[in-house]
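First to last, the sequence lines map onto chains D and R.
Taken in order, the first sequence gives residues 1 to 112; the numbers are from the numbering used here.
Taken in order, the second sequence gives residues 1001 to 1116; the numbers are from the numbering used here.
Read the hints as simulated data drawn from the structure, not as lab findings.
Idealized CB from N, CA, C, for every residue including glycine.
It is possible that part of the hints are untrue.
Here are some of the chain D residues that sit facing chain R, going by a computed Cβ distance under 8 Å [stated by the list, open to error]: (1) G16; (2) L100; (3) F102.
Estimated spans, in silico, between C-beta atoms of each pair [unchecked claim]: (4) T1104/R x Q72/D: 19 to 27 Å; (5) V45/D x T1086/R: 23 to 31 Å; (6) T78/D x P1075/R: 36 to 44 Å; (7) E54/D x P1075/R: 31 to 39 Å.
Pulled from the structure, derived: some chain R residues nowhere near chain D, Cβ distances all over 10 Å [claimed, not checked]: (8) N1028; (9) Y1048; (10) G1053; (11) P1061; (12) N1062; (13) G1063; (14) S1069.
Okay, here's what each chain looks like letter by letter:
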Amino acid sequence: SQKIEQNSEALNIQEGKTATLTCNYTNYSPAYLQWYRQDPGRGPVFLLLIRENEKEKRKERLKVTFDTTLKQSLFHITASQPADSATYLCALAYNQGGKLIFGQGTELSVKP
Amino acid sequence: NAGVTQTPKFQVLKTGQSMTLQCAQDMNHEYMSWYRQDPGMGLRLIHYSVGAGITDQGEVPNGYNVSRSTTEDFPLRLLSAAPSQTSVYFCASSPGASGHRTDTQYFGPGTRLTVL
């Protein structure tokens, strides 16, 4: 079965630096990959979607890459701010209209 | 728009009790789903619906029932609560044209359930 792995250890970085979060998967590549942000006590909020034929997607300070050779997606937040502190989830769908499978999330803490 | 709403926010049950978690959305989304979130496990799909009158099982459906009589509402029923069902439950919806479950998911605020 498909497995998704995100860093279980929290990522601590200094304000202004670039945060990089990793999402690794096994077996075959997904058709879509999504990233969500989750704050404590709240539901996840959609951030970005990238398709298997796209290498990179950007939105403001966010950038997502998708490497089907490495079976990995990287999520970058440039010029990070304390307000970016949250848990970030990746989610994969393995075919058009398929179910989303979520990773366990990585907690990011940005210190001023 | 209120988006996706869930009630209650918190609930404590005793083993064997039944209850219904409510979920409603006002975005006219076709696709709705229920997830549970446990520490270190990620979000796991319980049941989903691609439209009124249509439901199907997800990854962890045992012990839960759903129905979808309207586009707006998608209640989740716990038939006989067990301590293993202690979790945070999220309802989500997406535009899901033609049932595309890969569309952006809009999540509710969650229900924190404890079963003693």
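Hint check:
{"no.": "1", "hint": "G16", "result": "violated, 30 Å"}
{"no.": "2", "hint": "L100", "result": "holds, 6 Å"}
{"no.": "3", "hint": "F102", "result": "holds, 4 Å"}
{"no.": "4", "hint": "T1104/R x Q72/D: 19 to 27 Å", "result": "holds, 22 Å"}
{"no.": "5", "hint": "V45/D x T1086/R: 23 to 31 Å", "result": "holds, 25 Å"}
{"no.": "6", "hint": "T78/D x P1075/R: 36 to 44 Å", "result": "holds, 42 Å"}
{"no.": "7", "hint": "E54/D x P1075/R: 31 to 39 Å", "result": "holds, 37 Å"}
{"no.": "8", "hint": "N1028", "result": "holds, 18 Å"}
{"no.": "9", "hint": "Y1048", "result": "violated, 7 Å"}
{"no.": "10", "hint": "G1053", "result": "holds, 18 Å"}
{"no.": "11", "hint": "P1061", "result": "holds, 12 Å"}
{"no.": "12", "hint": "N1062", "result": "holds, 17 Å"}
{"no.": "13", "hint": "G1063", "result": "holds, 19 Å"}
{"no.": "14", "hint": "S1069", "result": "holds, 23 Å"}
Hints 1 and 9, counting from the list given before, are not met by this structure.
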